[in-house]
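Undergrad: Here are the chains, one letter per residue:
Protein chains: 2
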Amino acid sequence: MKKIHIIGLGLLGGSFGLAAAKKFPDILISGSDADEKNLQDAINLGIIQEAKDAPDADTDIVILATPADTLNDLLLKTLDQVGENTLVFDVGSTKAKLCALVAEHPKRKQYLAAHPIAGTEYSGPKAAFGDLLDRKVMIICELEQTDLGLKEKAYELFDALNLKLRFMDPEEHDRHLAFVSHLSHISSFMLGKTVLQKMEDEKNIFDMAGSGFASTVRLAKSSPAMWAPILTENKDNILTALDGYISNLSAFREKIAASDGSGLSDEMTEVNKIRDILDLEK
Amino acid sequence: MKKIHIIGLGLLGGSFGLAAAKKFPDILISGSDADEKNLQDAINLGIIQEAKDAPDADTDIVILATPADTLNDLLLKTLDQVGENTLVFDVGSTKAKLCALVAEHPKRKQYLAAHPIAGTEYSGPKAAFGDLLDRKVMIICELEQTDLGLKEKAYELFDALNLKLRFMDPEEHDRHLAFVSHLSHISSFMLGKTVLQKMEDEKNIFDMAGSGFASTVRLAKSSPAMWAPILTENKDNILTALDGYISNLSAFREKIAASDGSGLSDEMTEVNKIRDILDLEK
Chain A
1 MKKIHIIGLG LLGGSFGLAA AKKFPDILIS GSDADEKNLQ DAINLGIIQE
51 AKDAPDADTD IVILATPADT LNDLLLKTLD QVGENTLVFD VGSTKAKLCA
101 LVAEHPKRKQ YLAAHPIAGT EYSGPKAAFG DLLDRKVMII CELEQTDLGL
151 KEKAYELFDA LNLKLRFMDP EEHDRHLAFV SHLSHISSFM LGKTVLQKME
201 DEKNIFDMAG SGFASTVRLA KSSPAMWAPI LTENKDNILT ALDGYISNLS
251 AFREKIAASD GSGLSDEMTE VNKIRDILDL EK
Chain B
1 MKKIHIIGLG LLGGSFGLAA AKKFPDILIS GSDADEKNLQ DAINLGIIQE
51 AKDAPDADTD IVILATPADT LNDLLLKTLD QVGENTLVFD VGSTKAKLCA
101 LVAEHPKRKQ YLAAHPIAGT EYSGPKAAFG DLLDRKVMII CELEQTDLGL
151 KEKAYELFDA LNLKLRFMDP EEHDRHLAFV SHLSHISSFM LGKTVLQKME
201 DEKNIFDMAG SGFASTVRLA KSSPAMWAPI LTENKDNILT ALDGYISNLS
251 AFREKIAASD GSGLSDEMTE VNKIRDILDL EK
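Line order of the protein sequences matches chains A and B. Just so you know, the first sequence maps onto residues 1 to 282 in full-length UniProt numbering. Just so you know, the second sequence maps onto residues 1 to 282 in full-length UniProt numbering.
It is worth saying that the hints were derived from the structure and are not from the lab. Mixed in with the good hints, there may be bad ones.
Same chains, same label: a pair holds when it works inside one copy or across any pair of copies.
[As the list claims (entries may be wrong)] In silico DSSO-like pairs for lysine-lysine, Cα to Cα no more than 30 Å straight-line:
#1 255 <-> 22
#2 273 <-> 77
#3 198 <-> 273
#4 3 <-> 97
#5 273 <-> 235
#6 255 <-> 97
#7 23 <-> 255
#8 198 <-> 23
#9 37 <-> 109
#10 198 <-> 255
#11 198 <-> 235
#12 198 <-> 164
#13 107 <-> 255
#14 77 <-> 198
#15 273 <-> 153
#16 198 <-> 107
#17 97 <-> 198
#18 107 <-> 273
#19 235 <-> 23
#20 136 <-> 198
#21 235 <-> 107
#22 52 <-> 198
#23 153 <-> 3
#24 37 <-> 273
From just these sequences and the hints, can you work out the full model?
TA: Written out as structure tokens, the structure reads:
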């Protein structure tokens, strides 16, 4: 592992850079960002050593870490640029469209569809930190489509970063993520909105907000530049998840309206099952 | 401060006991719980020193910490039992009905309506810990209705526990809490339900759940025995909050369905204001 090039130097791209620099002290990391300020920050923070518009021909790995709606064009352009011993992987939150886009591409074998389940509500190079990826799940799609030798390069990096690999097909990935990630962000943003609307009348509402509110509304701090594209790229799956959520909320509302205490209690007891599942997994 | 009696020895009642015992080493703390196992746990954990069905006549403070739907009867019964130098306060999440109930009560001056903004998703005596209340906000309603001398006893306890007092009328309290606490619990329970329904088909979904999902769904671990009564006791305010939430979700859904990326981005940018507010308050 001698050269990595990172396109998009925000929270995820930046954290890959910091972690790789720590694990491979002799590595040369270059990169680019559409935002000049981000690029300068990334150099100052040691995320990359060199700003470069395109990867060198002998680059081992190119990481694409830009918003979901830019990845289609970027992936095609990058595959055109790279030498034959370069692996390209993206870290986007949706995988089906990207995999379909390059299914017949002559350089398909140089691409790996990846998605690390890691993030915070903050964004940009200054939000990046070397431990963000440590022991996180990394989902890989269509592994069999990637060249064996190039996969070895990816494993070398992923193992060094302590990523836990999981494998699934891209449609399955997008369906799942709509439920366990994208829906959480929508519920949080709309909760924030509902309380902010209320606050226009009543000023001290946040004085009374406890840790429960802070926890449920945390994701409403997330970057719209990152999230708007995810919501539209994974539209169909997200609408299914969101419709289920709204329908559950409406049915629960009726139980409250009917003062159906035992119905509410039964329903919440059923959902309490999530205790076991979360405590097991985390 | 010589004697405290706590009725309901769960997360909140138990934490009051542990904190008071630490701050007032010579204090005698008695208490009761409808659940025999909880009562025994509370003694074993040092939350109370003595199980007692009713407070002694010379008890300084009685704390009512049972589920919201039991507080009405319990408050009336307790006011009948206590001596004239005893202050009674409850720690329930709804305040308007309780205050109305005792508005004309001959012992109204011996009651203080209180609500500490403190909790976790766990319940029962074993979930209690002495620092739960440390530096948390304690909302007091209708302060002017409580006897001056008895208020001094309450201040002595609240100051020792580092509670930060806030004052408001009970209707305002209930309206606010519907938005910043009760709605968060509903959104979290229904998120958990929506994902659990999905999981019936697809087993590995929780493998892919990151910290964002864990954060938004954390409150779905909460106790139904505590929450069902809150939802029905504060029904009108909660329906207002929940209707606003469902309406915001539905409008957001339409923007996703229309692939309105810039509309979604604008709306999320607006909600990002919550960053400043939360970072300021916490």
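Undergrad: Run through the hints listed earlier and report the numbers of any the structure violates, in increasing order.
TA: Of the numbered hints given earlier, those the structure breaks are 1, 2, 7, 8, 9, 13, 14, 15, 16, 18, 19, 22, listed in rising order.
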